[in-house]
Amino acid sequence: TDPPLYLDGEAGRVGGVATALRPEQLAELLSAPGLFAGDATVLARLLTNEFPDLPLPTPLDTGPAQAERHPLVPRLTLVGRGADAGAHELRLAFVYGGHAVQPCPRTLQSLVETPQGPRRLHRDLQAEERALARLAEAGFEAVPAPPAAAELALRSAAETEVEAAGAWSRLVQDVVPALERDGWEVQRDASFRMQFRPGDWRGAVAPRGSGNDWFSLRFDLTVDGQSYPLLPLLTPLIALGLDRALPARVTVPLPAAGDGVARYVDLPGERLAPFLETLRELFDGERWRAGREELAVSRFDAALLGRLEQHGTRVETPPALGELAQRLADFRGIRPVPPPEGLRAELRGYQRRGLDWLQFLREYRLGGILADDMGLGKTLQTLAHLLVEKRSGRMDRPALIVAPTSLMGNWRREAARFTPELSVLVLHGPGRRADFDRIGAYDVVLTTYPLLPRDRAALEAQPYHVLILDEAQTVKNPRAKAAQVVRALEARHRLCLTGTPMENHLGELWALFDFLLPGFLGDEEQFRRQWRQPIEEHGDVERHQRLAQRVAPFLLRRRKADVLDELPPKTEILRTVALGERQAALYESVRLAMDEKVRRAIAAQGLARSRITILDALLKLRQICCDPRLLPFEAGREVRSSAKLDLLMQLLPPMLEEGRRVLLFSQFTRMLALIEAELGRHGIPYSLLTGQTRDRDAALARFRSGAVDLMLISLKAGGVGLNLTEADTVILYDPWWNPAVEDQAADRAHRIGQRRAVFVYKLVTEGTVEEKILALQARKRALADGVLAAPEAAEGGALDPDELRALLS
Numbered sequence: 138t139d140p141p142l143y144l145d146g147e148a149g150r151v152g153g154v155a156t157a158l159r160p161e162q163l164a165e166l167l168s169a170p171g172l173f174a175g176d177a178t179v180l181a182r183l184l185t186n187e188f189p190d191l192p193l194p195t196p197l198d199t200g201p202a203q204a205e206r207h208p209l210v211p212r213l214t215l216v217g218r219g220a221d222a223g224a225h226e227l228r229l230a231f232v233y234g235g236h237a238v239q240p241c242p243r244t245l246q247s248l249v250e251t252p253q254g255p256r257r258l259h260r261d262l263q264a265e266e267r268a269l270a271r272l273a274e275a276g277f278e279a280v281p282a283p284p285a286a287a288e289l290a291l292r293s294a295a296e297t298e299v300e301a302a303g304a305w306s307r308l309v310q311d312v313v314p315a316l317e318r319d320g321w322e323v324q325r326d327a328s329f330r331m332q333f334r335p336g337d338w339r340g341a342v343a344p345r346g347s348g349n350d351w352f353s354l355r356f357d358l359t360v361d362g363q364s365y366p367l368l369p370l371l372t373p374l375i376a377l378g379l380d381r382a383l384p385a386r387v388t389v390p391l392p393a394a395g396d397g398v399a400r401y402v403d404l405p406g407e408r409l410a411p412f413l414e415t416l417r418e419l420f421d422g423e424r425w426r427a428g429r430e431e432l433a434v435s436r437f438d439a440a441l442l443g444r445l446e447q448h449g450t451r452v453e454t455p456p457a458l459g460e461l462a463q464r465l466a467d468f469r470g471i472r473p474v475p476p477p478e479g480l481r482a483e484l485r486g487y488q489r490r491g492l493d494w495l496q497f498l499r500e501y502r503l504g505g506i507l508a509d510d511m512g513l514g515k516t517l518q519t520l521a522h523l524l525v526e527k528r529s530g531r532m533d534r535p536a537l538i539v540a541p542t543s544l545m546g547n548w549r550r551e552a553a554r555f556t557p558e559l560s561v562l563v564l565h566g567p568g569r570r571a572d573f574d575r576i577g578a579y580d581v582v583l584t585t586y587p588l589l590p591r592d593r594a595a596l597e598a599q600p601y602h603v604l605i606l607d608e609a610q611t612v613k614n615p616r617a618k619a620a621q622v623v624r625a626l627e628a629r630h631r632l633c634l635t636g637t638p639m640e641n642h643l644g645e646l647w648a649l650f651d652f653l654l655p656g657f658l659g660d661e662e663q664f665r666r667q668w669r670q671p672i673e674e675h676g677d678v679e680r681h682q683r684l685a686q687r688v689a690p691f692l693l694r695r696r697k698a699d700v701l702d703e704l705p706p707k708t709e710i711l712r713t714v715a716l717g718e719r720q721a722a723l724y725e726s727v728r729l730a731m732d733e734k735v736r737r738a739i740a741a742q743g744l745a746r747s748r749i750t751i752l753d754a755l756l757k758l759r760q761i762c763c764d765p766r767l768l769p770f771e772a773g774r775e776v777r778s779s780a781k782l783d784l785l786m787q788l789l790p791p792m793l794e795e796g797r798r799v800l801l802f803s804q805f806t807r808m809l810a811l812i813e814a815e816l817g818r819h820g821i822p823y824s825l826l827t828g829q830t831r832d833r834d835a836a837l838a839r840f841r842s843g844a845v846d847l848m849l850i851s852l853k854a855g856g857v858g859l860n861l862t863e864a865d866t867v868i869l870y871d872p873w874w875n876p877a878v879e880d881q882a883a884d885r886a887h888r889i890g891q892r893r894a895v896f897v898y899k900l901v902t903e904g905t906v907e908e909k910i911l912a913l914q915a916r917k918r919a920l921a922d923g924v925l926a927a928p929e930a931a932e933g934g935a936l937d938p939d940e941l942r943a944l945l946s
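Residues in the sequence shown are numbered from 138 upward in steps of one, following my numbering.
Watch out, some of these pointers could steer you wrong.
[To be verified] Label pairs and their in silico Cβ distance ranges: (1) R797 - D753: 33 to 41 Å; (2) S353 - V323: 54 to 62 Å; (3) G817 - R593: 41 to 49 Å; (4) A393 - Q742: 35 to 43 Å; (5) P369 - Q246: 54 to 62 Å; (6) G395 - A341: 49 to 57 Å; (7) E558 - D783: 53 to 61 Å; (8) E322 - V280: 18 to 26 Å; (9) E558 - R892: 26 to 34 Å.
Keep in mind that the hints were calculated from the coordinates and are not lab data. Because the structure is a prediction, the values reported are computed rather than measured. In this text, a Cβ means the ideal position worked out from N, Cα and C, and glycines have one as well.
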């Protein structure tokens, strides 16, 4: 031909230039002996039928193929290639008129050999694509195959054995019947030996050892009448975290029987999901061991066992544990307890329910946190509970109450007022050692947190009926000496009293439960991994709600707004003020210097080791906001004006002239001293309560009697344990990022017995760290409310690097 035919193929290229062959050269090449061997016929038919207009010679003389049209019939073959589901595969052939065409290349026509000669079959490529799409939707994808392969090979696209088994189960039981109804040919090769069966499971709890607190828990799976331990089969699901989003059917392998058949059991995902989630809560970390058939479960986990029953998993339990699980799951099952005779107080409705709850915990040997708002009578409810115990004859040992030093007098007075029948021993002061031998002779023994390490030997020598921690957040650090002592004391029951079970982060809540119910929330590292990180760092709302549900039976919290209809309203008022020129210049110069210092510290040693530097920087900025004279260097003393102090002195005189009675709080005792000096210049009388006040009762009596209408209080000395309903106005001179501290201060006045509306003033300097503290308060309040009140959203946690930088910005 002219021009010559170019064969464009790698074999025909020389240095990247196509080789030109004339017809006589090509004829000689094609007729070379043995060049094509058995493929000569194929090549001849290819040239004859696919390129009939090309003037090319053929090695053999074959006639043109007859064209035929037939509908597509996909033929699917299930093939076994090993013991694992991931190794099995599908073989897909495209069949037209009983003849399978070569799937690749995808041409509109395919040549096939028949006994009647070659046939040219027209292919329905769209139908072939739909067939592949159905298998892809079922989770199978084609694997590489030789171009001349007669069938397509497909395997599960799953990444794990469990997911692959699930794909095969759905294919065999759901997809294949649908394909056969649609006209597919489906075959099972003799090598395909997978079996899928439904299964059911149930649990059983048995006592473990001689004690009454720990049990063995096992679950047995029944398949075709045969029983298997369930927990080892579920280990892959726990490890992979597949319990977070389970399909409708979950397929797990059964132990091999030695006959070469791969057996699988199908479990309903809707029922399995809550089951696995409960297992993860029960056995996260060290308590979960792959392959174990039995696991240890605590009596404190009875509520979770009850949850299993609610989600369809029957668990056989000892009668006492089963009753506890049912009552923990339904608080309405708590029996009412009549107030004890001899109680010299009328319990309000919510206080009676608090007494019922305390008795419920005692009956089932459980610990709990009475976390009512400040001012709702936690002390009264506790004393009523102790009086019930004494009158029932159960309190054959003393009750030990540990409280802050400032509350010793309050407990002694309240006991004498409401429960004079209870004998009370106060272990305080230098002469307390003389009473050590008489501890067992009293109903109630009072001591303080600072004295615990000093008196440890004497306190440990006496077993107690109940151990009560008032303002229990005091031992939120489990490594503190006082926290270690209370964990070592022997007591039948344990109770925490606090309006703020969590102030800054969830680790504080864990510390209280570690004292009350050791092991209930795992160890500190398990709790951090399972709860703190997902909630505080990742905002996991679902995990937040589950933690709230987990602790709910052991935590009773009521807010004043919910239970005291007669309590007058509390109004919060934010008063802001701009810094003066010199004060603002000092603030900015210190901020810039401290910001640079903090950045260097974090870069050099990380955030955790830089906390002292960070807190020092924030402290200095807060001091400038209050009054520059609080700074411990000369530059602060040179700025003798304070915008906030000026604002205070604008507010106070009119308030006092109106007849208001005011509590003024500050965290800085030196700030109170500066305020004292200013009050002296204005001739305003006051009373003062700080950690240095020797006669607290006299200072309080001066205000309560009406001798003065203003009381200055440091947060540390008077933030808890005081009842000052004579006041109707609270001034918070400096904000704190923990809102619970401010709430405690305001609740000195807004509590039972208050008859007037209470106004809470927050003094904040504009454009400073104090404004950022207000935003941080909202975040921490959301975190606490989330655990204590099961929120819609979960936010909050400890300060992260971005927040610290924002505070200094």
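These are the hints, each one checked on the structure:
1. R797 - D753: 33 to 41 Å: Since R797 and D753 have Cβ atoms about 37 Å apart, the given range 33 to 41 Å holds.
2. S353 - V323: 54 to 62 Å: Between S353 and V323, where Cβ atoms are some 47 Å apart, the hint is violated.
3. G817 - R593: 41 to 49 Å: holds, 46 Å
4. A393 - Q742: 35 to 43 Å: Since A393 and Q742 have Cβ atoms about 54 Å apart, the given range 35 to 43 Å is violated.
5. P369 - Q246: 54 to 62 Å: Given range 54 to 62 Å: holds, Cβ gap about 56 Å.
6. G395 - A341: 49 to 57 Å: violated, 28 Å
7. E558 - D783: 53 to 61 Å: holds, 55 Å
8. E322 - V280: 18 to 26 Å: At 21 Å between Cβs, range holds.
9. E558 - R892: 26 to 34 Å: Since the Cβ atoms of E558 and R892 sit about 31 Å apart, the hinted range of 26 to 34 Å holds.
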